[in-house]
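Participant: Sequence:
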Amino acid sequence: MSLIYAQSRRGRSTSAHAVCSGDELTDIPERFLRKTRAALPELSELQTVQHFTRLSRKNFSVDTALQPLGSCGTRYTPRGADSLAMLPEFLARHPEAPEGHSQGFLACLYDLQEMLRVVTGMQGISLTPAAGAQGEFAGVAMIKAYHAARQEFERDEMLVSAADHGSKQASVVMCGYKVRSIPTKPDGDIDLASLKTMLGRRTAGVMLTIPSGLGVFDRGIEAVAALVHGVGALLHCDGVNLTAILGKVRPGDMGFDVVHLDLHKGFFAPHGGGGPGAGPVGVSASLLPYLPVPIVGLAGDRYSWLCEQERPESIGRLSAFAGNAGVLLRVYVNLLMLGREGITRVAEYATLNANYLLKELMKAGFEAVHPDRRATHEFGVTLRRQVRELEVSSRDISKRLLDYGVDAPATWFPPIFPECLLLKPAETENKETLDRFVGAMKSILKEAETDPDLVKGAPYRLPVRRLDDVRAARDLDLAWKPANG
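Here the sequence shown is numbered in my numbering, starting from 12 and rising by one per residue.
No lab work stands behind these hints: they were computed from the structure.
Check each hint, because a few of them may be wrong.
Each computed DSS-like pair below joins lysine-lysine, with the alpha-carbon atoms no more than 25 Å apart [said to hold, decoys possible]:
1. K259 - K374
2. K259 - K370
3. K196 - K207
Note that the structure is predicted; figures quoted are calculated from it, not measured.
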């Protein structure tokens, strides 16, 4: 398939309107006019539609195939939510539109703040963070502001679970803290004995994911909260896996002081292609003054932005405006459609699907990372036996799944488990789809035993096979343009 620039021909246009005479530009100062042609492809409207339609057919998406991507949680976004979020009244609104002209939009955001506050059990919510990692950073920054206000400058350490995502270490370092890793026990729970020895007067906070990145719920979380608060530190929750416990238990009730949410993962908004995301942050009463701005306030029947002037202790802005409106609106509509009972069903179906898939894969001969634990909404299987006996890796099996029409799951995550596949069937998938996935895994396992080279060379049915991962990591050429551009 040719690149869009290769199809370009001078003078072709997607517009059927009459060509402008040029007089329309006379009012624009000379210094703002281009001196050269823009390096953009010139195609007809039909060419453009055909090109991107062909590209879409080469992609995996939740609209076309199962995406059991653990940790990330790609799930279906109802078309109704898409339609409402794409209403012209929302799309045409400028971020700097006056509050008086934005009351409907602000009302939606205010209601979403309140919904998330109730769902998480926290005392306040800011929708400003544009992604999970930014929400995570905001949480650490608020912990730092809290201790600074108390003159506790000796607190220079953050403790992070060894099973958690690597972005946490980056957020911690960006806020000027040192990172210490908390080990987990073989059963997946935090090692309380190790945690006790690590906590002290230098501890600013502890960061955990509930349920954990191992696909289990930490049974000692209340004891963890008591230990952390006992030394004057704060407890930070990564809410990426909140789907599994929606309507069942809330971070605020477990003793967390701050939680960030990945709305583009756990709350039914689009996820993939690099964005957009949404990572709202919720806090307990002790951190309320430090929430990032702007947030939406309500006085009487009028909504308004609360910014630096109204919230002088805030950690400030994370971006020029308040988050990614399109994602926030989709989540708002989805939560309205689900209601309280629907949110609880999401958790129940997600957990049911994960446990059914886990049991079926174990019957098929795959080894669970935690065979004696109930899965939450995701789980890990380790392929260390296949690597040892057949020299077929988790990456090989993941790539072979692509030939069976299934998106490749996360591999080697969490990194503390060798050759791990982290699998997460969304709550919207039916039993027939899960059974087809089990059948594909059985077939691939048989192929690995009889013809391992077949699995090692996969995929075969995709336009792009295996990328050079080392080159991709070291040669970050993200500003490509045509040779004559």
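Participant: Quick check: which numbered hints come out false for this structure?
Facilitator: Hint 1 is the one this structure does not satisfy, whereas the remaining hints hold.
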